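K.L.:
The lines below spell out each chain.
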Amino acid sequence: DGGITQSPKYLFRKEGQNVTLSCEQNLNHDAMYWYRQDPGQGLRLIYYSQIVNDFQKGDIAEGYSVSREKKESFPLTVTSAQKNPTAFYLCATRDRTNYGYTFGSGTRLTVV
Amino acid sequence: QQQVKQSPQSLIVQKGGISIINCAYENTAFDYFPWYQQFPGKGPALLIAIRPDVSEKKEGRFTISFNKSAKQFSLHIMDSQPGDSATYFCAAYSGSARQLTFGSGTQLTVLP
Numbered sequence: 001d002g003g004i005t006q007s008p009k010y011l012f013r014k015e016g017q018n019v020t021l022s023c024e025q026n027l028n029h030d031a032m033y034w035y036r037q038d039p040g041q042g043l044r045l046i047y048y049s050q051i052v053n054d055f056q057k058g059d060i061a062e063g064y065s066v067s068r069e070k071k072e073s074f075p076l077t078v079t080s081a082q083k084n085p086t087a088f089y090l091c092a093t094r095d096r097t098n099y100g101y102t103f104g105s106g107t108r109l110t111v112v
Numbered sequence: 113q114q115q116v117k118q119s120p121q122s123l124i125v126q127k128g129g130i131s132i133i134n135c136a137y138e139n140t141a142f143d144y145f146p147w148y149q150q151f152p153g154k155g156p157a158l159l160i161a162i163r164p165d166v167s168e169k170k171e172g173r174f175t176i177s178f179n180k181s182a183k184q185f186s187l188h189i190m191d192s193q194p195g196d197s198a199t200y201f202c203a204a205y206s207g208s209a210r211q212l213t214f215g216s217g218t219q220l221t222v223l224p
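Taken in sequence, the protein lines are chains Y and Z.
Anchor point for the first sequence: position 29 equals 29 in our numbering, and the numbering is continuous, going up by one each time.
Numbers given in our numbering equal positions in the second sequence, counted from 1, plus 112.
The set of hints was computed from the structure by calculation and includes no laboratory data.
Fair warning: there could be bad hints in the mix.
What the hints assert, rightly or not - Computed cross-link-like contacts, DSBU-like style, restricted to lysine-lysine with a CA-CA straight-line distance of at most 30 Å: (1) LYS70/Y x LYS57/Y; (2) LYS154/Z x LYS117/Z; (3) LYS83/Y x LYS9/Y; (4) LYS169/Z x LYS154/Z; (5) LYS14/Y x LYS83/Y; (6) LYS170/Z x LYS9/Y; (7) LYS83/Y x LYS154/Z; (8) LYS169/Z x LYS117/Z; (9) LYS57/Y x LYS14/Y; (10) LYS117/Z x LYS14/Y; (11) LYS57/Y x LYS127/Z; (12) LYS127/Z x LYS154/Z; (13) LYS117/Z x LYS170/Z; (14) LYS170/Z x LYS83/Y; (15) LYS57/Y x LYS154/Z; (16) LYS127/Z x LYS169/Z; (17) LYS170/Z x LYS154/Z; (18) LYS117/Z x LYS180/Z; (19) LYS57/Y x LYS117/Z; (20) LYS71/Y x LYS9/Y; (21) LYS57/Y x LYS83/Y; (22) LYS117/Z x LYS183/Z; (23) LYS183/Z x LYS169/Z; (24) LYS71/Y x LYS170/Z; (25) LYS170/Z x LYS183/Z; (26) LYS169/Z x LYS180/Z; (27) LYS127/Z x LYS70/Y.
These numbers were taken from a predicted model, which means no experiment stands behind them.
Chain Z with its partners taken away, still in its complex shape:
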């Protein structure tokens, strides 16, 4: 059962462009929504996170937009750089279950 749906599976963007990755969830008990960045052969690293009482959070070139009523959230990478090329995972945390549920991942390639 896939509780967090992520799209697209892969994304190719030109340097300087905007990368947008979308996620949708079903469980209204989720109360924390992080994004992870993973480079080949490495473990995922926390990139940015948001709680459902906030509609947007920005950290540098990375922004999370959150729509609680639609149960959707997205990651925007502004001024995308080749060094941003990685796999990105959205996730949702349930305090009652005390564990994260991950999306299926998006492989981002930023062309120089």
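One chain only, chain Y, in its complex shape:
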């Protein structure tokens, strides 16, 4: 969607496993964001990155980790410390000259 590729579309995690969600963009946008979406709770910010090799915690960073080694990529790892990881995860980007976000199509993570 709009030059952002999130994969996989569906992901199943066993208890105690770490899983990594991929977010790749070809929009040449500087900023990238990870949101978690639960029914009736809107979008909650997990982590964000304004430039390569730099990232900040959002409102619900506990149990998650990220890296930003390349401008195009911002993977999110859901660790075993995240006790309730079942949710819809959205990656977004923002160009430095524009306030609007572009979202990917999301990854639905389910704990089995």
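Fit chain Z to the known structure of chain Y by using the hints.
P.N.:
Using the frame of chain Y, we list chain Z on its own:
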């Protein structure tokens, strides 16, 4: 801490009717107010946006009304269509924080 409050949580409108979704914010540093539309299983997409120096913006059937003194803004969907059935999020952008804060979302259903 919920900086952007959105209502109603759900809305049912007859085809051809007007859909109205309201948002209120607290932080006077917000300087850009977008609305996003999200269909099931997809990422949100930018629908329309407004800056605080403008009281109204219209794009086709979609209009944002902005009341800076009351710190409120609303989305009006004229001649609502079944294809408008989706979840709508208001948001507010802070240039200093360089991130969007989202409302909790409104699930709109337009009956045929």
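K.L.:
Evaluate each hint against the coordinates.
P.N.:
Tested hints:
1. Restraint check for LYS70/Y and LYS57/Y: the C-alpha separation of about 18 Å stays at or below 30 Å, so the hint holds.
2. Pair hint LYS154/Z plus LYS117/Z holds up; C-alpha atoms about 23 Å apart against a cutoff of 30 Å.
3. Using a Cα cut-off of 30 Å, the hinted pair LYS83/Y and LYS9/Y holds, with the two alpha carbons roughly 21 Å apart.
4. For the hint pairing LYS169/Z with LYS154/Z, the CA-to-CA distance comes to about 26 Å; that is within 30 Å, so the pair holds.
5. Our distance criterion of 30 Å between C-alpha atoms is met by LYS14/Y and LYS83/Y, whose separation comes to about 12 Å.
6. Proposed proximity of LYS170/Z and LYS9/Y is contradicted: the alpha carbons are some 35 Å apart, above 30 Å.
7. Restraint check for LYS83/Y and LYS154/Z: the C-alpha separation of about 25 Å stays at or below 30 Å, so the hint holds.
8. Under the criterion of a C-alpha separation no larger than 30 Å, the hint pairing LYS169/Z with LYS117/Z is consistent with the structure, at around 21 Å.
9. Only pairs whose Cα atoms come within 30 Å are accepted, and LYS57/Y paired with LYS14/Y is accepted, the gap being roughly 25 Å.
10. With a C-alpha separation of about 35 Å, the suggested pairing of LYS117/Z with LYS14/Y is violated against the 30 Å cut-off.
11. Between LYS57/Y and LYS127/Z the CA atoms are separated by roughly 43 Å; this puts the pair beyond 30 Å, and the hint is violated.
12. Under the criterion of a C-alpha separation no larger than 30 Å, the hint pairing LYS127/Z with LYS154/Z is consistent with the structure, at around 23 Å.
13. The straight-line distance between the Cα atoms of LYS117/Z and LYS170/Z is roughly 22 Å, inside the 30 Å bound, and the hint therefore holds.
14. For the hint linking LYS170/Z to LYS83/Y, the alpha-carbon distance of about 44 Å lies beyond 30 Å, and the restraint is violated.
15. At most 30 Å may separate the alpha-carbon atoms for a hinted pair to count; LYS57/Y and LYS154/Z meet this at roughly 24 Å.
16. About 23 Å separates the Cα atoms of LYS127/Z and LYS169/Z, which keeps this hinted pair within 30 Å; it holds.
17. As the CA atoms of LYS170/Z and LYS154/Z are separated by approximately 25 Å, the hinted pair is consistent with the 30 Å bound.
18. Distance restraint check for LYS117/Z and LYS180/Z: the Cα-Cα separation of roughly 15 Å lies within the 30 Å cut-off, and the hinted pair is therefore satisfied.
19. For a cut-off of 30 Å, the pair hint linking LYS57/Y to LYS117/Z stands: about 23 Å separates their Cα positions.
20. Of the supplied pair hints, the one linking LYS71/Y and LYS9/Y holds, its CA atoms being roughly 22 Å apart against a limit of 30 Å.
21. As the CA atoms of LYS57/Y and LYS83/Y are separated by approximately 18 Å, the hinted pair is consistent with the 30 Å bound.
22. A distance of roughly 11 Å separates the Cα atoms of LYS117/Z and LYS183/Z; the hinted pair therefore holds under the 30 Å criterion.
23. Only pairs whose Cα atoms come within 30 Å are accepted, and LYS183/Z paired with LYS169/Z is accepted, the gap being roughly 16 Å.
24. Of the pairs offered as hints, the one joining LYS71/Y and LYS170/Z is violated, with about 35 Å between alpha carbons and a cut-off of 30 Å exceeded.
25. At roughly 19 Å between alpha-carbon atoms, LYS170/Z and LYS183/Z fall within 30 Å of each other, so this suggested pair holds.
26. Only pairs whose Cα atoms come within 30 Å are accepted, and LYS169/Z paired with LYS180/Z is accepted, the gap being roughly 14 Å.
27. About 47 Å separates the Cα atoms of LYS127/Z and LYS70/Y, which puts this hinted pair outside 30 Å; it is violated.
Going through the hint list in order, the structure does not satisfy hints 6, 10, 11, 14, 24 and 27.
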